[in-house]
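Student: Generate coordinates for the entire structure from the input sequences, incorporating the hints supplied.
Residue numbers (the working numbering), protein chains in the order written: chain A, 5 to 246; chain B, 3 to 251.
Bear in mind the hints are in silico, worked out from the structure with no lab data behind them.
Pairs of lysine to any residue, SDA-like flavour, derived with a Cα cap of 20 Å:
no.	chain 1	residue 1	chain 2	residue 2
1	B	Lys248	A	Asp191
2	B	Lys247	A	Pro240
3	A	Lys147	B	Gly119
4	B	Lys247	A	Ile195
5	B	Lys247	A	Pro244
6	B	Lys248	A	Asp193
7	B	Lys248	A	Ile195
8	B	Lys248	A	Ala72
9	B	Lys248	A	Pro190
10	B	Lys247	A	Gly189
11	B	Lys247	A	Asp191
12	B	Lys247	A	Ala30
13	B	Lys247	A	Ala236
14	B	Lys247	A	Gln237
15	B	Lys248	A	Glu241
16	A	Lys147	B	Gly118
17	B	Lys248	A	Ser239
18	B	Lys247	A	Arg196
19	B	Lys247	A	Glu241
20	B	Lys131	B	Gly215
21	B	Lys247	A	Trp233
22	B	Lys247	A	Ser239
23	B	Lys247	A	Arg246
24	B	Lys247	A	Ala243
25	B	Lys248	A	Asn188
26	B	Lys248	A	Trp245
27	A	Lys147	B	Pro53
28	A	Lys147	B	Ile121
29	B	Lys247	A	Asp193
30	B	Lys248	B	Glu159
31	A	Lys147	A	Arg196
32	B	Lys247	A	Ala232
33	B	Lys248	A	Ala243
34	B	Lys248	A	Ala74
35	A	Lys147	B	Gly146
36	B	Lys247	A	Ala72
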Amino acid sequence: MTGYPYARPGLLRQPAHYMYPPYGGADFLCAWTADRQRAMSILENTLAALPPHADLALPGACLALLEALAGPQEDATSRILRQSAASVSETAAPASALPEPDAEVTLAPLVRGLLLRAASGQTNDTADALWLARLARKFEVAKRLFPAYEPHPLHGLGKPLDPDAGNQDIRLHALLAVALGLCNGPDTDLIRLNAQLKLNDALCSEISALPGQAEPAALALLSLRAEAWRVAQLSPEGAPWR
Amino acid sequence: MAVANVLANVLIVAADTARSRAYAQAMLQAGLTPAHALLLTAPDADSRAMPGSTSAPLPPAEACGLHFAPAEPVAETLARAGVPATVIASTDMNGPEVANALRARPETIAIFSGPGGVILRQGILGLGKSFLHAHGGWLPDYKGSTTNYYSLLEQGECGASAILMTGDIDSGPILARRRFPRPQEPEGLDYVLDPLFRARVLLDALERLEREGHLNFREADNTGGRTFYIMHPVLRHLAILGGGKKPCA
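Tutor: This is the structure:
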């Protein structure tokens with residue numbers, strides 16, 4: 005096997021299924037590392053050229069979560085994200101509350117709320133963790149993300165409100181990927197990491213579109229950095245792909 | 003090889019997958035064979051395209067006290083064992099062909115060994131038979147898909163559990179279960195070792211069925227646990243290459 009085949013263009017249209025993949029040894033993981041580094045370089049180069057901006061405030065707030073895992077991030081992109089977070093007005097809207105049991109679930113505000121609470125240290129651990137688990141499950145089962153869902157008494161998210169609106173909004177993938185990567189502290193939950201890896205494949209498959217969208221691009225970069233840190237934590241010492 | 007003892011009230015529903023091949027060979031070696039087999043076959047396509055089957059040449063293997071020849075088709079093993087078989091020209095475990103074939107059989111216990119990744123629906127589960135399934139993981143802790151890879155990463159070991167199937171994934175009563183140490187060659191999990199682990203606990207359940215005459219025994223409670231999803235290839239490779247969770251500092 006050569007190269008990393010799971011981030012081919014078009015995963016939003018045709019999600020991967022990952023059943024019985026061939027074994028490629030250490031070379032496969034080296035190829036994955038190289039593919040991810042290419043994607044991160046593209047994102048870093050684009051973001052480093054931007055001024056601090058309100059669109060980068062959420063990624064800037066999430067930067068602290070990444071640094072709690074992976075240590076200080078001192079590159080040009082991180083400086084811009086940090087400045088963007090600091091420039092947001094104190095009167096910015098508070099994080100969205102979690103959905104009520106019988107209420108429709110709108111994905112973007114839900115995940116943004118989870119991230120903002122985690123970034124501000126105001127997490128409702130049990131409830132937030134439950135919703136993250138529900139979101140990971142929903143993505144794993146459906147392999148797609150929709151803007152809004154009917155409520156579901158057990159799983160939180162039921163059927164999508166508009167099935168025709170599905171899986172074309174890369175922002176949703178970026179939001180969920182970074183939430184799964186950063187809202188869990190240093191202890192890696194394999195169920196969350198598994199979903200994050202698949203979401204990051206989708207983000208990398210759309211790498212050509214990301215530089216035109218500041219917030220998703222920044223969130224994708226943070227998710228990829230968090231993923232790299234977690235995979236390194238799981239890797240044997242001296243592994244060639246680290 | 004033990005003298006065959008036919009389990010008169012048991013049939014096997016099998017597609018020609020690595021798992022089915024392991025089950026059939028294990029039952030023949032243990033001398034515990036089903037009374038009948040329903041063989042699911044793809045009407046036109048090559049069976050090697052079926053989930054859980056491979057065209058790669060795999061050498062014989064030994065594990066769990068069992069010998070496994072992955073290249074031997076399940077039909078050949080069943081023929082050697084003298085198990086009569088009905089061929090079903092469909093691989094849809096939830097389809098009308100399988101449902102009709104099951105209704106026509108008198109056996110009340112069906113060993114489930116269909117194509118990989120299939121979830122049985124109520125149309126089949128509601129036929130009045132008990133469906134015996136060997137899950138590739140230690141229950142209740144590891145429910146869902148590719149669970150032996152997750153347990154390798156978390157605990158450095160594998161497992162298998164024989165259960166009766168219900169409408170909830172991997173949540174039926176546990177009839178038998180075993181833990182297995184980390185394999186020396188974990189890259190053989192999918193098509194050799196995981197099938198053998200499952201075959202071993204299937205035999206445990208069938209041996210107890212033979213002794214006790216029913217499936218009312220319970221090895222453990224199956225509440226709780228976590229449900230896992232198809233493992234991403236990166237994590238799969240990490241599990242094979244010796245990666246895993248370390249204690250959080």
